[in-house]
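Participant: Number 174 in numbering that gives the first Met the number 0 belongs to position 175 of the sequence shown; there are no gaps in the numbering.
Treat each hint with caution, since some may be false.
Stated by the list, open to error - Listed below are the simulated DSS-like cross-link pairs for lysine-lysine, each with C-alpha atoms no more than 27 Å apart in a straight line: (1) 230 to 84; (2) 207 to 230; (3) 202 to 230.
Unchecked claim - Cβ-Cβ distance ranges computed for the label pairs, FRET-style: (4) 36 to 264: 32 to 38 Å; (5) 139 to 91: 34 to 40 Å; (6) 136 to 167: 26 to 32 Å; (7) 265 to 91: 18 to 24 Å; (8) 115 to 81: 37 to 43 Å; (9) 127 to 193: 30 to 36 Å; (10) 60 to 203: 29 to 35 Å; (11) 41 to 203: 32 to 38 Å; (12) 46 to 139: 27 to 33 Å; (13) 81 to 159: 48 to 54 Å.
It is worth saying that the hints were derived from the structure and are not from the lab. Glycine is no exception: its CB is placed at the ideal position from the N, C-alpha and C atoms.
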Amino acid sequence: MLLLENTRGLDLDATLGCGQTFLWRPLEGGGWAGVTAGRAVTARMEGTVLALEGAQEEDRAFWENYFALDMDYPALLERFCAGSKRLAVCVEHSPGIRVLRQPFFETLCCFIISQNNNIPRITAITGRLCEGLGEKLGEGLYSFPAPEALAAREPEDLAFLRAGWRAEYLIDAARKVASGQVSEAALAALPDAEARALLMTVKGVGPKVADCVLLYSLSRWSVVPMDVWMKRAMARLFPRGAPVCCRPYQGIAQQFIFDYARASLPRGANDKKSAKPRRGD
0 MLLLENTRGL
10 DLDATLGCGQ
20 TFLWRPLEGG
30 GWAGVTAGRA
40 VTARMEGTVL
50 ALEGAQEEDR
60 AFWENYFALD
70 MDYPALLERF
80 CAGSKRLAVC
90 VEHSPGIRVL
100 RQPFFETLCC
110 FIISQNNNIP
120 RITAITGRLC
130 EGLGEKLGEG
140 LYSFPAPEAL
150 AAREPEDLAF
160 LRAGWRAEYL
170 IDAARKVASG
180 QVSEAALAAL
190 PDAEARALLM
200 TVKGVGPKVA
210 DCVLLYSLSR
220 WSVVPMDVWM
230 KRAMARLFPR
240 GAPVCCRPYQ
250 GIAQQFIFDY
260 ARASLPRGAN
270 DKKSAKPRRG
280 D
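Using the sequences and the accompanying hints, generate a full structural model.
Facilitator: Below is the structure:
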């Protein structure tokens with residue numbers, strides 16, 4: 000078991016349950032089970048310590064990076080709260096959220112799957128994708144498939160996913176990544192606008208999915224994915240745009256705004272109750 004002590008106020012449940020990742024599932028009695036980058040762990044908070052069962056000491060740097068434990072979130076959130084009362088309300092709703100640093104190809108595929116979808120179904124589809132094409136890591140545990148494994152398939156081969164039209168998009172993404180047409184290294188070297196345009200050469204990837212990949216995988220903290228709920232939240236809470244105090248971390252600020260909005264703002268057109276919002280809208 001790996002123990003990470005300097006967690007800087009991390010709230011594991013809020014972080015893994017706020018719609019930025021779909022490869023973790025909550026466990027009865029507390030904690031989360033997840034597989035990412037070929038690593039299968041069970042994560043729990045023991046007081047202020049993050050305990051990762053199944054992780055090894057040599058993976059310490061990976062998990063510290065994944066959970067963004069190197070960032071001084073308390074100082075960043077203090078700055079947010081001091082600069083905007085409305086942003087302070089959003090932060091104080093769930094101050095332990097952290098924006099993860101997720102593997103590139105996993106993030107791209109998961110947010111392709113997320114389009115016009117809900118979190119339980121997204122999680123189910125990604126689970127079937129890993130079980131069907133990933134490598135077995137243990138009893139009932141499978142890695143996310145490599146781009147090459149997915150690129151070799153045709154849409155009809157992915158009928159078992161029950162992902163509909165998303166299957167064609169997943170295969171196109173895999174082929175472009177496997178061939179090097181779209182690579183993490185190339186994206187990292189480009190300005191935001193050009194990186195977004197490159198991601199949008201993948202079938203089915205629009206500005207929203209591209210921005211999710213830039214934020215949640217490439218740590219482009221200034222990028223703000225705009226879905227239905229974020230547009231509604233910004234119109235209600237920040238009609239003049241993101242507060243100056245959150246620049247250049249608008250992407251991190253939006254995660255707190257999104258979480259507050261989905262819990263606190265009226266849902267649906269004309270403020271009527273509707274389905275719980277998700278990042279795929």
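Participant: Each hint needs a verdict: does it hold in this structure or not?
Facilitator: Hint-by-hint comparison with the structure:
no.	hint	in the structure
1	230 to 84	holds (19 Å)
2	207 to 230	holds (12 Å)
3	202 to 230	holds (24 Å)
4	36 to 264: 32 to 38 Å	holds (35 Å)
5	139 to 91: 34 to 40 Å	holds (38 Å)
6	136 to 167: 26 to 32 Å	holds (28 Å)
7	265 to 91: 18 to 24 Å	holds (20 Å)
8	115 to 81: 37 to 43 Å	holds (38 Å)
9	127 to 193: 30 to 36 Å	holds (34 Å)
10	60 to 203: 29 to 35 Å	holds (34 Å)
11	41 to 203: 32 to 38 Å	holds (33 Å)
12	46 to 139: 27 to 33 Å	holds (29 Å)
13	81 to 159: 48 to 54 Å	holds (51 Å)
Of the hints listed earlier, there is not a single one the structure fails to meet.
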